[in-house]
Amino acid sequence: MRSGISLFRNRRRPFLLVAIVMTLAVAFFVLISGNTSTAQAVGRTTDIKGSAKPVIEPDAKGRRVVVVVIDRVGWKDLTANQMPNLRQIMDKGAIGLMNTRTGDSRLPGHTYLTIGAGTRVEGGVVATRAYNAKEEVDGVLAGDLFTRRTGYRAQTGAAVQLELARLTALNENRHYPVQLGAIGTSLHSAGLKTAVLGNADLEKETGRQAVTLAMDDKGIVDYGMVDASVLKEDINAVTGARTDYRAVLNKFRKYKDLAQLIVIETGDTARVEESSEEILGKVLHSQRKKTLLEADRFIGKVIKELDWSRDRLIIITPTPTKRNLNEHLWLTPVIMAGHGMGPGILTSGTTKREGIVSNLDIAATIIDYLGLPPNPNIMGRPMEGMAVNLTVAHLVQMSEKAAFTHLARPILVKGYVLVQIIVLILAMVTVFWRKPQPRFMTPVLLWLMAVPMVFLLLTLLPQPTVWISILFTVVLSSLMVWISLKLGGNHELYPYIILCLATVTVILGDTLTGFKLIQGSVLGYDAMEGARYYGIGNEYMGVLIGAAIIGVTGLLQRFNDKKLVFSGKIAATVFFILIIYVLAAPNLGTNVGGTIAALAGFGITMLLLFGIKPSIRMVAGLVSGIFIVLLTFIIYDFSRSPEAQSHIGRTASELIRGGWQEGMKGAADIIIRKLEINFRLIKYTMWSRVFITSIIVLAILFYRPVGVMKVLQNKFSILYIGFVGVTVGSIVALVFNDSGIVAAATMMIFGSAPLISMVIKERLT
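The opening residue of the sequence shown carries number 1 in the working numbering; numbering runs sequentially from there.
In case anyone wonders, no lab produced these hints; they're calculated from the structure.
Some clues are possibly wrong.
Simulated pairs of lysine to aspartate or glutamate, DMTMM-like, Cα-Cα distance not exceeding 25 Å [said to hold, decoys possible]: (1) K290 <-> D311; (2) K193 <-> D307; (3) K322 <-> E203; (4) K322 <-> E400; (5) K352 <-> E203; (6) K204 <-> E172; (7) K92 <-> D311; (8) K322 <-> D144; (9) K76 <-> E205; (10) K92 <-> E136; (11) K76 <-> D59; (12) K414 <-> E529; (13) K289 <-> E233; (14) K251 <-> E233; (15) K282 <-> E529; (16) K61 <-> E384; (17) K322 <-> E492; (18) K134 <-> E278; (19) K134 <-> D227; (20) K251 <-> E294; (21) K254 <-> E135; (22) K92 <-> E278; (23) K204 <-> E305; (24) K92 <-> E305; (25) K761 <-> E492; (26) K282 <-> D227; (27) K322 <-> D257; (28) K401 <-> E529; (29) K290 <-> D227; (30) K289 <-> E384; (31) K254 <-> E205; (32) K289 <-> D257; (33) K204 <-> D138; (34) K301 <-> E529; (35) K193 <-> E203; (36) K193 <-> E135; (37) K256 <-> D234; (38) K254 <-> E294.
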């Protein structure tokens with residue numbers, strides 16, 4: 001027993017013990033979490049650029065994917081009209097909402113090209129300029145003009161994208177892999193064929209963007225009919241012409257035995273939408289209804305031509321309507337039915353959300369279904385159906401809720417940030433106030449700490465308007481402060497401990513039960529923007545780390561009994577390890593920057609608690625521990641199947657697959673991209689203002705009033721360590737996150753607010 005106790009009296013050994021315990025605990029969590037299967041699809045390879053033809057899975061031979069595009073509609077449009085054939089497909093297959101984010105705006109030239117590339121790109125008007133190879137363009141065959149511009153030669157029956165050079169130039173400076181026409185490239189590398197039928201031409205403009213869905217990186221689709229032959233005159237149509245579905249169907253019957261991917265652009269809904277500002281509302285409604293009914297009848301004929309034992313049908317809307325764009329309803333309909341699909345809703349490894357997928361997932365889904373190797377340039381993951389009874393009405397409700405969160409987010413968050421800045425400045429004024437110090441500052445500072453938790457709880461309440469959300473935020477945060485003060489009694493630390501630990505409990509509880517609160521919180525992530533769909537985002541990562549450090553060190557300070565101090569430190573270590581696991585675990589979303597920040601903040605806190613003084617050796621050991629823990633999670637995630645990997649595992653796979661030189665370039669691109677995001681956010685986001693204000697306030701407090709910080713350090717020695725841990729964690733979060741300024745600012749809330757409050761109280765006594 002004595003030897004065991006003596007282990008902790010040596011100042012160097014606690015560091016070793018903490019490192020060993022953290023590493024072993026993380027390894028244990030890794031072993032028990034998720035499915036560790038490394039099984040890959042039979043015969044898959046990963047090099048689609050090599051000379052060897054990729055192997056198609058034996059059970060995938062003979063498969064075919066048909067993509068029907070009904071653009072510029074929403075779920076309400078599809079369900080408001082009698083569309084029996086579409087309803088039949090919905091009953092047989094899975095439905096969902098598709099994020100439509102691109103490398104630019106949400107316009108057809110961008111949305112179609114993004115789907116075809118499987119990564120966010122921009123195309124603009126030039127993406128619409130595709131032609132049949134035998135079609136004349138300014139007196140020259142499009143195929144000949146294409147050869148002049150690209151050096152590639154297309155077959156007579158092909159469709160070609162004439163503006164490949166401009167599209168390439170638009171996307172060449174992105175700091176992530178871009179392969180225009182990734183879908184077609186993967187198919188052509190395996191010897192499979194592609195086809196495109198239909199267009200969305202207007203009277204004086206081409207609308208051939210559907211070619212970018214199926215073309216390869218050379219701008220070629222094997223079989224195409226995208227010229228005026230797919231249209232017929234109709235004096236009642238808004239543009240004087242509409243899709244000739246009989247001609248399209250006849251050509252489809254010809255292509256279906258030749259191509260493994262067939263894209264059909266119905267076109268008429270897009271034409272109506274593009275003309276919506278030129279026609280009266282009642283005419284618009286009538287025209288939209290007519291085009292939808294005609295599209296439904298056409299779908300009914302297409303499904304009769306399909307072999308459901310091998311075919312997969314995907315119906316998509318790449319672009320939202322103008323009205324939905326204005327109302328921020330940016331999630332569009334997607335339906336998938338056919339071989340291997342049953343009734344339910346769609347999800348994917350990209351979103352890990354029931355009912356929501358990304359437009360980047362379409363490419364991955366087609367390639368996966370056809371049994372081809374994953375294309376490393378495609379950011380999306382294969383969509384899959386879930387046997388969940390979710391109706392279209394639920395999807396519409398999800399879309400509207402996501403739109404509300406998107407609209408409310410800037411108002412509530414910017415308001416909260418502005419209040420923080422005002423309160424911090426006001427607090428500094430009160431610190432140097434010569435008159436008796438105002439006692440209202442403590443509740444106000446506590447209020448700042450309560451808001452992040454309230455932003456989570458708001459998800460459980462009805463929020464019909466933004467003003468109601470603001471009212472709920474003010475009232476609930478004030479209620480939380482009142483409860484913490486009442487429960488805290490006369491002890492000055494209790495209110496901070498209660499709020500911090502309550503916040504940590506709510507975040508961890510939500511994380512371990514499926515992120516339902518974070519997904520709908522204005523301080524969470526935005527499904528409309530699609531930057532992140534699951535896991536703990538940077539905002540709540542900062543909140544979690546900051547609240548955990550102050551809550552734990554405050555609790556240890558309150559019960560600073562020699563009999564409890566050792567067991568308390570061990571309990572704190574275990575608690576911190578749990579949070580590290582939650583941040584790092586691939587099955588929970590893997591926030592790499594958050595894991596590094598947590599390891600740094602928690603690590604320095606625990607080392608100081610165990611009496612290890614700062615030194616180069618300590619810093620080196622802490623950095624080594626961070627590297628070991630991260631490497632453990634990366635290796636684990638890398639070992640899982642591609643469909644199960646989180647973004648960190650997939651990034652590692654892509655870097656390794658590319659070889660040493662490509663891997664280094666890929667790593668450099670990731671670093672540059674993250675730095676660009678950070679610099680942009682520091683320059684424009686209001687979070688940078690509150691972080692800088694917090695740093696300035698804390699810097700001043702370290703020197704003025706003279707001696708007050710030394711008094712607090714002596715009086716609250718353990719809590720003071722917590723302040724150091726939060727400061728270190730926020731700085732590391734700033735450096736290692738692509739939106740680190742946000743995480744650093746939310747983390748500093750829990751360091752600056754209690755410290756300023758304690759300084760004010762010290763001035764009162």
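Original post:
Of the hints given before, which are not true for this structure?
Top reply: 1, 5, 6, 8, 9, 10, 11, 15, 17, 18, 22, 23, 26, 27, 30, 31, 32, 34, 35 and 37
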